[in-house]
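Here are the chains, one letter per residue:
Protein chains: 2
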Amino acid sequence: MHASINDPELRSFAPASAESHFPIQNLPYGVFRPKGGGEPRVGVAIGEQVLDLALLEAKRLLDVPALTGREVFNRSSLNAFMALGKDAWSQVRARISELLRDDTPMLRDNAALREKAFLKQSDVAMLPPIEIGDYTDFYSSRYHAANVGSLFRDPESALPPNWLHLPIAYHGRASSVVLSGTDIRRPLGQTMPEGAKTPVFGPSRAFDFELEMGYIVGTGNELGSAISVEQAADHVFGMVLVNDWSARDIQRWEYAPLGPFLSKNLGTSISPWVVTMEALAPFAASGCEQEPTPLPYLRSPGNPTYDVNLEVWLQPAEGEPRRISASNLRHMYWNIRQQIAHHTVGGCNLQTGDLLATGTISGPTPDSLGCLLEITRGGREPLQLGDGVARRFLDDGDRITLTGWAQGDGYRVGFGECTGRVLPAREQL
Amino acid sequence: MHASINDPELRSFAPASAESHFPIQNLPYGVFRPKGGGEPRVGVAIGEQVLDLALLEAKRLLDVPALTGREVFNRSSLNAFMALGKDAWSQVRARISELLRDDTPMLRDNAALREKAFLKQSDVAMLPPIEIGDYTDFYSSRYHAANVGSLFRDPESALPPNWLHLPIAYHGRASSVVLSGTDIRRPLGQTMPEGAKTPVFGPSRAFDFELEMGYIVGTGNELGSAISVEQAADHVFGMVLVNDWSARDIQRWEYAPLGPFLSKNLGTSISPWVVTMEALAPFAASGCEQEPTPLPYLRSPGNPTYDVNLEVWLQPAEGEPRRISASNLRHMYWNIRQQIAHHTVGGCNLQTGDLLATGTISGPTPDSLGCLLEITRGGREPLQLGDGVARRFLDDGDRITLTGWAQGDGYRVGFGECTGRVLPAREQL
Chain A
81 MHASINDPEL RSFAPASAES HFPIQNLPYG VFRPKGGGEP RVGVAIGEQV LDLALLEAKR
141 LLDVPALTGR EVFNRSSLNA FMALGKDAWS QVRARISELL RDDTPMLRDN AALREKAFLK
201 QSDVAMLPPI EIGDYTDFYS SRYHAANVGS LFRDPESALP PNWLHLPIAY HGRASSVVLS
261 GTDIRRPLGQ TMPEGAKTPV FGPSRAFDFE LEMGYIVGTG NELGSAISVE QAADHVFGMV
321 LVNDWSARDI QRWEYAPLGP FLSKNLGTSI SPWVVTMEAL APFAASGCEQ EPTPLPYLRS
381 PGNPTYDVNL EVWLQPAEGE PRRISASNLR HMYWNIRQQI AHHTVGGCNL QTGDLLATGT
441 ISGPTPDSLG CLLEITRGGR EPLQLGDGVA RRFLDDGDRI TLTGWAQGDG YRVGFGECTG
501 RVLPAREQL
Chain B
81 MHASINDPEL RSFAPASAES HFPIQNLPYG VFRPKGGGEP RVGVAIGEQV LDLALLEAKR
141 LLDVPALTGR EVFNRSSLNA FMALGKDAWS QVRARISELL RDDTPMLRDN AALREKAFLK
201 QSDVAMLPPI EIGDYTDFYS SRYHAANVGS LFRDPESALP PNWLHLPIAY HGRASSVVLS
261 GTDIRRPLGQ TMPEGAKTPV FGPSRAFDFE LEMGYIVGTG NELGSAISVE QAADHVFGMV
321 LVNDWSARDI QRWEYAPLGP FLSKNLGTSI SPWVVTMEAL APFAASGCEQ EPTPLPYLRS
381 PGNPTYDVNL EVWLQPAEGE PRRISASNLR HMYWNIRQQI AHHTVGGCNL QTGDLLATGT
441 ISGPTPDSLG CLLEITRGGR EPLQLGDGVA RRFLDDGDRI TLTGWAQGDG YRVGFGECTG
501 RVLPAREQL
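Protein chains in written order, with our numbering: chain A, 81 to 509; chain B, 81 to 509.
Do not take every clue at face value.
Identical copies go unnamed one by one, so any copy, or any two together, can satisfy a pair.
[Stated by the list, open to error] Calculated cross-link-like contacts (lysine to aspartate or glutamate; reagent style DMTMM-like; alpha-carbon spacing at most 25 Å):
1) K277 x E371
2) K115 x E274
3) K277 x E369
4) K115 x D167
Bear in mind the hints are in silico, worked out from the structure with no lab data behind them.
Chain A extracted, bound-state conformation (with noise of 0.2 Å):
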């Protein structure tokens, strides 16, 4: 990677804000189709634009060492381009932010391809940017593990006996996974009310989101072997955000012992983006100290995580939407490096387009908690959205949305949005 291309002072000629999410210091890919019509294909977000990078392969002006040859952007996923690994992704950075330079003739002197390779982001439709092969989710904010523990189980033992010893997680649905935008309907399922005897059936009423992060791996492991600490992040193309949409009445009566299944099996949202481990690079930050001391095979020193805020906004079916939490990439207590390390310590194969997500991001202040279960504390304190509209979970017609930025000085490297709006349970037979 040439020092300069995360350079705060670099300039594009494609204009971008000083709160957009997408400057040249960013350059996230994703996948999108004209509105107009078109084959899907690979982009990269530039202020309020998308760059078309199927065009410009086509035309060469991709011709790095790494690509040669290869078309791997006329595509409807971005897992051609993660196959090649590291430096290629690092070749194609590069090469992207040189031609979207303020000081680099090629496109900004030549209106006629201008025209074509960049397309407005209102004009065109956002596509699932992976093809996911499977979905993990993990458990590592101290905070919000502490603080479910003591809701579900036993205030004493809120943090299960191995919680500092490993990162949990437990294998999602890669099926539900769905792109921003998509409405995610209330489900249906078996519950325990408290003091009833015998389950019911019906919506759920205790429905929730989850505020995470997503990471997706660009080259994988063999069967058998396993990704070290230290290698970890090689294998680390990009990160999305995850709003892991969960039933809390559904998962409380399911998750023993195998796990929540039924409860956040329904829908997973992820934004279109992905904000590549390059462009995050300069906001690498410390994590929570660990303490225990983890065993060998986990320790990680050096600044594992990064620091990326991040908020919670909740619309109602009427009105306006109100930020309902404020928390911080940096809030985990196992970092993305850990994670890779204990996921494959057994042999697990990871793969090109799994998505591994963090789990809630929950911080240690009641206005950075991850999800209402834990804001209203489970659901006994109802959250007040002023005008006298309160909230202890999710209602029909509530439309959350996730966004992210990295802050930069004078600039943002930022995630965009995650957004899905609650559609009534389906009529029961």
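Assemble the complex: chain A is given as a structure, and chain B must be docked to it using the hints.
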């Protein structure tokens, strides 16, 4: 389906003994590649041969209405064929049966075509039959759940409170599902030995098999919709044998509260031949009595399960295979239809190629237990294999082979075998 297709009297000109798993009444699908070279393609097992369906399709011998104009067998998985749905499965099976009957001259009397269309099973390499989307594992033998609960938790409350009300399941890891014959490496991992104060890292000392069956989703449902218990059978293409290798010491330490993770994502073996639900239809059987009566969405009248004999054989590195368990699919408390209805009732979408497994199929007697954890009571009572050989859990070099068949009058509808050998753990860094 033509009534006669499953007729016990039906005979093929392609030989199959009374003990063969693959007589004309079975016709299971698999994907193979001739050892002499060539592309992967779909075939059907008949006796000790494979019938090359890609060849028959190319020669237009499979022109049933549901297939016409489609190429679905010149592929490296069954997914394209499965996606066509139940009518297509039925038409194709009837047509293959017709072509193989001893009173159909088409293939029988065409030596040149027979020479090309039939291969010895010993002359082909089997490949994974399915492109698996998601993998779900249930926990549906009451005997197994009670035995495990008693060992992992508390004999007094062995069966979790929700167990009799819903078919418990967890999402498994799809990437680590491998074909029978693949060796499985003993995992390294974190465990908390009894009496220890801090966890240790090393090779699993309680490596186990699990006797299961898996079924393959042929056609799925949209996210937000459900498949009712009445419709469920129409969505299932067929079944395979499954060995869900498990590291019990890792499982015990990691599983609370989000379920098994590294203890089970190190490798899951499946058998190569997919036996269709049509071929199993004559072996439909009543399942276990269900008390309390399940909620309406889980009520499944009729004969909702199948009488399939199952066996587990253990062969030490030096020595002959010994049968260590004999169970039956009928011992499942929750049947396949109930599992599918539950899996989708909250709106989770199943997709063509998803693998759903039953969980360990233990029966009521000591000789019908589906894993060593149960057979040896958590390692406390070693299994005597004769000649002074005993096992608490699996040793390096041990081979586990599962087999299964439905017994007809003078013929078997069988699954062949699902086999794998334990490799030593990889060297620690």
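Checklist entry - How would you classify K115 and E274 at a CA-CA limit of 25 Å: within, between, both, or neither? => result For K115 and E274, neither the intra-copy (49 Å) nor the inter-copy (62 Å) Cα distance is at most 25 Å.
Next on the checklist: I want to check one pair: K115 and D167. Are their C-alpha atoms no more than 25 Å apart within a copy, between two copies, both, or neither?
Outcome noted: neither (33 Å within a copy, 37 Å between copies)
Next on the checklist: Treating 25 Å as the Cα threshold, decide for K277 and E369: within, between, both or neither.
Outcome noted: Classified as between; 21 Å across copies, 44 Å inside a copy.
Next on the checklist: At most 25 Å between CA atoms: does that hold for K277 and E371 within a copy, between copies, both, or neither?
Outcome noted: between (42 Å within a copy, 15 Å between copies)
In summary, the numbered hints that this structure violates are 2, 4.
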